[in-house]
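Trainee: Spelled out from the first residue to the last, the chains are:
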Amino acid sequence: MTISKVRKEEQLNLESLTWGDLTWVNIEGPTERETEYLAQNYPFHPLDLDDCLSRIQRPKIDEYKDYLFLVFHFPVFNKEARVTAPSQLSVFIGEKYLITLHKGELKPLVKLFRECQIDEESRQENFSQGSGYLLYRIIDRLVDYCLPILNKIGDNIEAVEDNIFSDRRRGTVKGISILRRDVISFRRIIWPMRAVIGSLEPKIRHFTKMDMAVYFGDMVDHVDKIWDGLDEYKEVIEGLNDTYDSLATNRTNEVMRLLTVIATILLPITVVASIYGMNITTLPFLHSDYSLLFVLLIMLVIIGGMLYFFRRQHLI
Amino acid sequence: MTISKVRKEEQLNLESLTWGDLTWVNIEGPTERETEYLAQNYPFHPLDLDDCLSRIQRPKIDEYKDYLFLVFHFPVFNKEARVTAPSQLSVFIGEKYLITLHKGELKPLVKLFRECQIDEESRQENFSQGSGYLLYRIIDRLVDYCLPILNKIGDNIEAVEDNIFSDRRRGTVKGISILRRDVISFRRIIWPMRAVIGSLEPKIRHFTKMDMAVYFGDMVDHVDKIWDGLDEYKEVIEGLNDTYDSLATNRTNEVMRLLTVIATILLPITVVASIYGMNITTLPFLHSDYSLLFVLLIMLVIIGGMLYFFRRQHLI
Amino acid sequence: MTISKVRKEEQLNLESLTWGDLTWVNIEGPTERETEYLAQNYPFHPLDLDDCLSRIQRPKIDEYKDYLFLVFHFPVFNKEARVTAPSQLSVFIGEKYLITLHKGELKPLVKLFRECQIDEESRQENFSQGSGYLLYRIIDRLVDYCLPILNKIGDNIEAVEDNIFSDRRRGTVKGISILRRDVISFRRIIWPMRAVIGSLEPKIRHFTKMDMAVYFGDMVDHVDKIWDGLDEYKEVIEGLNDTYDSLATNRTNEVMRLLTVIATILLPITVVASIYGMNITTLPFLHSDYSLLFVLLIMLVIIGGMLYFFRRQHLI
Amino acid sequence: MTISKVRKEEQLNLESLTWGDLTWVNIEGPTERETEYLAQNYPFHPLDLDDCLSRIQRPKIDEYKDYLFLVFHFPVFNKEARVTAPSQLSVFIGEKYLITLHKGELKPLVKLFRECQIDEESRQENFSQGSGYLLYRIIDRLVDYCLPILNKIGDNIEAVEDNIFSDRRRGTVKGISILRRDVISFRRIIWPMRAVIGSLEPKIRHFTKMDMAVYFGDMVDHVDKIWDGLDEYKEVIEGLNDTYDSLATNRTNEVMRLLTVIATILLPITVVASIYGMNITTLPFLHSDYSLLFVLLIMLVIIGGMLYFFRRQHLI
Amino acid sequence: MTISKVRKEEQLNLESLTWGDLTWVNIEGPTERETEYLAQNYPFHPLDLDDCLSRIQRPKIDEYKDYLFLVFHFPVFNKEARVTAPSQLSVFIGEKYLITLHKGELKPLVKLFRECQIDEESRQENFSQGSGYLLYRIIDRLVDYCLPILNKIGDNIEAVEDNIFSDRRRGTVKGISILRRDVISFRRIIWPMRAVIGSLEPKIRHFTKMDMAVYFGDMVDHVDKIWDGLDEYKEVIEGLNDTYDSLATNRTNEVMRLLTVIATILLPITVVASIYGMNITTLPFLHSDYSLLFVLLIMLVIIGGMLYFFRRQHLI
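So the protein sequences, as listed, match chains A, B, C, D and E. Quick note on the working numbering: the first sequence kicks off at 602 and runs consecutively. Quick note on the working numbering: the second sequence kicks off at 602 and runs consecutively. Quick note on the working numbering: the third sequence kicks off at 602 and runs consecutively. Quick note on the working numbering: the fourth sequence kicks off at 602 and runs consecutively. Quick note on the working numbering: the fifth sequence kicks off at 602 and runs consecutively.
What you were told as hints is all true, and nothing was included just to trick you.
Remember, identical chains collapse to one label, so a pair may be satisfied in a single copy or spanning two.
Straight-line alpha carbon distances no greater than 20 Å define the calculated EDC-like cross-link-like pairs of lysine to aspartate or glutamate that follow:
hint	residue 1	residue 2
1	Lys753	Glu681
2	Lys804	Glu696
3	Lys835	Asp846
4	Lys826	Asp663
5	Lys775	Glu839
6	Lys661	Glu833
FYI, nobody ran anything at the bench for these hints, they're computed from the structure.
Could you put together the complete structure from these sequences and hints?
Mentor: Next up, the structure:
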């Protein structure tokens with residue numbers, strides 16, 4: 602009695618899967634052609650269809666009598682720009698359909714669709730509890746996918762931290778700056794997502810056949826955990842920046858001190874030598890046999906006196 | 602049956618457009634003459650008319666029995682001062698009229714008025730759903746107009762960021778300072794606007810013929826998106842400032858280190874040479890054939906010893 | 602039928618004005634004698650009379666059955682200390698009287714009292730709508746009086762900003778510090794005032810003959826506008842401080858670099874010259890006719906080599 | 602009919618005062634012996650008695666059917682450690698008794714108890730309105746006692762501020778650091794106290810014979826005033842720190858500049874003199890009568906050229 | 602009639618204790634085998650059993666009809682990594698059982714279990730009031746265990762503070778950085794715990810035989826006290842960082858000043874000596890008997906003049 606269909610509209614970037622009376626339509630890289638197709642086949646509000654294509658959306662839930670329109674932003678790490686950027690997922694959910702529109706960057710979503718295409722069993726598992734449960738399965742996978750990105754940042758922070766206290770300092774400032782930027786972007790993605798996922802469960806209730814409060818509660822916990830992690834990372838990075846600056850000031854100090862010591866030791870020698878290099882014949886001891894010893898003694902006395910004085914003043 | 606009139610009061614900075622029973626009165630650069638005209642023809646509160654001329658208003662909604670008085674501030678980029686400044690739009694909205702007062706800096710508003718003047722079709726599109734819908738059309742355009750200004754700031758931030766990590770550093774501090782100031786001004790404009798636009802829909806409900814909750818919800822999303830962007834930019838700019846300072850401290854360090862290396866290498870040579878320049882005849886090896894070699898050897902030993910010592914202390 | 606009296610109690614710092622059945626008692630520089638007088642003639646709570654003299658009050662509204670006791674703090678710019686300080690205004694308001702106690706620093710209040718003393722018409726305008734309206738007139742003037750003080754700060758900020766990017770840097774740090782302190786004080790004055798003025802209207806309702814919601818709403822807007830301005834100034838000043846520090850670090854850098862270049866050019870010459878100044882006769886080319894050229898060549902080669910090396914390392 | 606007793610339990614750190622049917626038991630330096638005595642004579646919860654001795658309490662109000670248990674922390678300036686530390690006051694208040702437990706550091710409380718011991722009149726004044734009023738008298742005195750501590754901090758801030766802009770800079774950093782720490786501690790004491798004192802009045806209502814809303818309102822105002830002052834001091838101190846750092850950077854700049862000027866003037870002279878000190882006989886003008894003038898001219902030209910160049914580059 | 606059993610399932614990391622009708626099952630280091638055992642014997646939700654093993658949980662309370670599932674995170678100081686890390690405690694509480702799952706790092710919990718195993722009396726004390734009371738006893742001990750960790754941080758802060766103002770500065774930056782990191786982690790552990798413990802009492806009410814409001818109120822106070830302490834430490838550490846930086850800048854200043862003084866004194870001597878070292882015979886006083894005195898006089902005059910000038914300019 603379970604009817605299962607895999608259909609692909611060749612002319613549109615659109616694939617659909619049906620099990621029982623529930624159809625999942627997956628649109629990768631939606632264009633105006635796809636939204637027109639949806640406008641003709643579903644009772645969707647034109648503003649929502651515009652939102653699927655627009656780049657300036659925020660995560661949100663729009664409720665209508667027969668369906669919900671949801672916009673999510675999930676973090677995707679862009680390897681080239683080395684930055685975490687938001688990738689939009691637009692969802693229309695009705696009693697008998699679930700339509701997902703995205704750019705194909707969300708790996709876990711694409712993989713889940715493939716699994717359901719290939720594997721009858723997994724199709725049954727995901728589709729049998731109604732469209733709300735299927736949505737939960739998708740969002741849950743995408744939320745879990747944030748964790749490795751978060752851990753990556755954590756690893757990078759530790760690497761930078763090690764660098765700071767070691768002698769490998771080249772590139773540390775850039776490293777901190779990139780990390781900071783990354784955490785800022787990531788936080789901007791998660792922040793509005795928390796509100797949307799937190800208020801999802803009651804709105805999705807009549808699209809599912811079982812009580813999903815526990816499941817959604819668990820998902821909210823995961824999002825909050827990610828948020829907490831990002832908050833901690835933000836503070837840690839600010840701390841690292843301060844630490845780096847303190848260490849740099851310290852090093853300037855050390856080098857200054859070194860320069861001063863060199864000057865304190867070498868300049869007096871030069872001075873005395875210069876004086877004895879003058880073409881003046883009345884310099885004391887100039888023609889004595891011990892003139893060299895005498896000169897060296899003067900030098901040592903001056904250097905010793907200066908070093909003693911500066912040490913006492915805690916200047917060196 | 603649709604009566605459409607375009608009227609221009611020659612003696613006043615006032616143009617009006619009528620379609621059906623709805624009139625849009627647009628006043629560019631209002632003066633006391635225009636507010637007196639309004640006072641005579643409409644039942645407006647004197648305080649509100651004062652507010653249209655005063656420069657110290659905040660965005661707000663004042664409700665009266667027959668009409669609403671609204672004050673909006675939209676960002677306008679002042680090219681000469683290179684800063685984003687607020688431009689005030691005052692609106693009176695009643696069942697059969699919409700009166701807009703502004704300084705003519707709000708391009709999208711001026712353009713929309715022109716369109717409706719020239720084009721019958723666009724007049725019908727904007728006027729047919731009541732004064733509330735017309736207001737929505739105006740505000741929506743003005744909100745969307747904020748996005749290119751925001752993106753401009755984003756581009757400037759990226760330019761400054763590139764400068765920081767390249768060698769083109771001249772002017773970077775000034776660039777960061779101007780960006781920071783710009784974002785502060787922009788935020789001050791958007792912040793009170795959010796509250797006004799967020800509470801607009803229920804108050805405007807009886808001036809429109811259709812349910813506009815979705816439309817206003819969409820507009821609120823756009824304003825929130827702008828706010829989010831500004832918030833992110835604020836954090837990014839603060840981060841850039843820190844990064845710049847860290848890099849500057851770094852460079853000071855490098856230069857200090859270089860100076861110290863130069864001093865470490867050259868001063869000992871000078872010292873030894875000065876000593877052998879003294880008019881003292883008892884210097885060792887002075888008259889030997891290998892005196893030069895001997896002196897050079899002393900120099901090399903001293904320099905080598907110092908470099909080795911400082912390297913071991915991680916000072917250079 | 603309108604009875605108007607101007608009375609001055611010679612022995613007390615107390616003047617009173619009556620129009621119709623409303624009396625405004627103005628006490629400049631209240632002492633215990635004045636509060637005793639009030640205690641004898643009015644049903645005021647002893648704590649409130651103490652508060653009129655005490656220096657440690659906060660803005661507040663105390664409600665009693667027959668009267669309200671209000672404490673306001675308004676900013677007054679102290680020219681000698683060059684700082685904005687709070688000046689207290691205590692108000693007792695009953696149905697037929699309004700009593701103001703202050704130190705005489707609040708110019709707009711003093712001026713309004715004088716106007717009402719001299720001018721029958723202005724007395725009628727201010728007194729005819731009940732004690733609540735008279736209070737509104739006073740507070741409104743005092744709130745508006747904050748704006749020039751705020752603008753003064755804005756002008757000072759711009760002056761400091763110009764200084765920072767020009768070469769006139771002497772005194773800039775002190776200027777920023779004074780501005781910062783001024784904005785902090787100003788904010789501390791406005792912050793509690795917002796709450797008091799925001800909740801004033803409903804409490805004052807039965808002391809006035811007309812609906813004053815719009816008037817008080819307008820006044821609240823002005824206070825909020827002042828607050829917004831101070832908030833913006835606070836952020837701008839913090840930004841200026843950061844900018845100043847970055848520029849100072851930059852200048853240190855430039856000077857360091859200059860010193861390094863000088864050292865790089867002059868020290869090698871000295872070194873070579875010192876070597877050829879040694880009393881050693883085996884130096885190469887010492888007795889040649891081209892010895893000078895040879896020595897200059899060595900100097901140029903060393904300087905050129907060092908400059909080339911440092912330039913390649915982006916150190917200079 | 603007013604019965605007044607002064608009793609002191611010799612074996613316990615416990616003194617009690619009775620007037621009418623109200624007894625004030627004052628315990629200085631409570632130990633387990635005192636809490637056992639209370640456990641035997643009063644219906645107190647064991648946890649509360651533990652809390653009187655424990656060091657890790659927070660200000661709080663615990664309500665029971667017959668009594669309230671209150672914990673307050675008041676700031677006490679520790680002269681030795683030069684820091685403001687919290688001193689705990691535990692209070693049990695019932696209809697006919699008020700029990701205060703503290704370490705004897707709270708001067709105003711100790712003094713009030715002494716006054717009531719000695720002076721019949723002051724006993725009547727404090728005891729006649731019930732235990733709630735007596736508590737109000739105690740807390741009010743303790744709150745007022747915070748003001749001189751606050752003013753002390755204000756004076757210290759001004760002293761540090763004067764130091765910063767004068768030449769007396771030794772110890773300024775330590776001064777700022779101690780002030781900052783002091784304000785942090787003070788804020789930590791006042792913060793939870795605000796909540797407790799703010800919610801005290803309704804809970805204490807049935808222990809007093811008169812309406813005390815005005816009195817408690819006044820006390821809350823005082824606590825808020827203290828909090829406002831601390832908030833302002835916190836911001837001022839942070840500003841002072843920034844100002845100090847800017848000035849220090851400035852001074853480094855000035856010194857660097859001086860060093861560069863010295864180097865620019867003196868090094869060229871040395872260079873030229875070194876060259877003419879070489880044992881090379883082909884130097885120009887060496888044997889001329891005007892050789893000295895010629896050499897001095899070269900020196901002046903080099904110095905002048907360098908100064909002119911650096912001045913034009915705004916480097917000096 | 603009290604039946605008490607101590608049972609240990611050899612094949613599972615599971616120990617259980619029974620007194621009366623209440624059983625405490627303690628699982629150290631839970632694996633899938635233990636959760637399978639629980640799934641077979643108790644009506645627990647599969648998601649909860651997963652959460653016991655997962656590492657990415659947040660503290661939370663999940664309510665079910667027959668039981669509560671609680672997740673707590675307590676701070677454990679990891680001596681090797683020198684950092685405070687969260688250790689998870691999962692609890693299932695039903696009317697007749699309390700199941701605790703943890704990694705064995707929570708000393709006070711392990712100790713309490715041992716005590717109850719060994720000592721009949723302590724078993725009675727902890728078990729006789731129902732599972733809710735037993736849970737309270739466990740959590741209370743774990744909360745109290747946070748205090749020594751907090752005090753440890755306080756001691757470390759004081760040690761770092763002493764270092765800053767003494768001359769022992771090596772390692773201070775690292776010390777501040779580690780402290781900051783530690784406080785950040787600790788705060789991240791306590792923050793969500795506050796919410797969970799604050800809402801625990803009403804939910805646990807039907808698992809206990811006595812009114813526990815006072816007990817839980819006391820525990821919440823302790824958690825809040827810890828939070829306050831961490832907040833204060835956070836501010837203190839930030840202050841220490843600023844102080845350290847100011848002192849470092851100060852020291853750079855002092856060293857710079859010293860270098861300048863050395864240069865000011867020694868360079869003029871060198872210059873004059875170099876001039877008199879030139880092979881020019883027309884130098885004044887060169888062949889006089891007082892030539893040396895003359896030269897020394899010139900040197901002293903130049904040095905004195907420079908020192909006087911710089912002192913007047915407040916540069917040295």
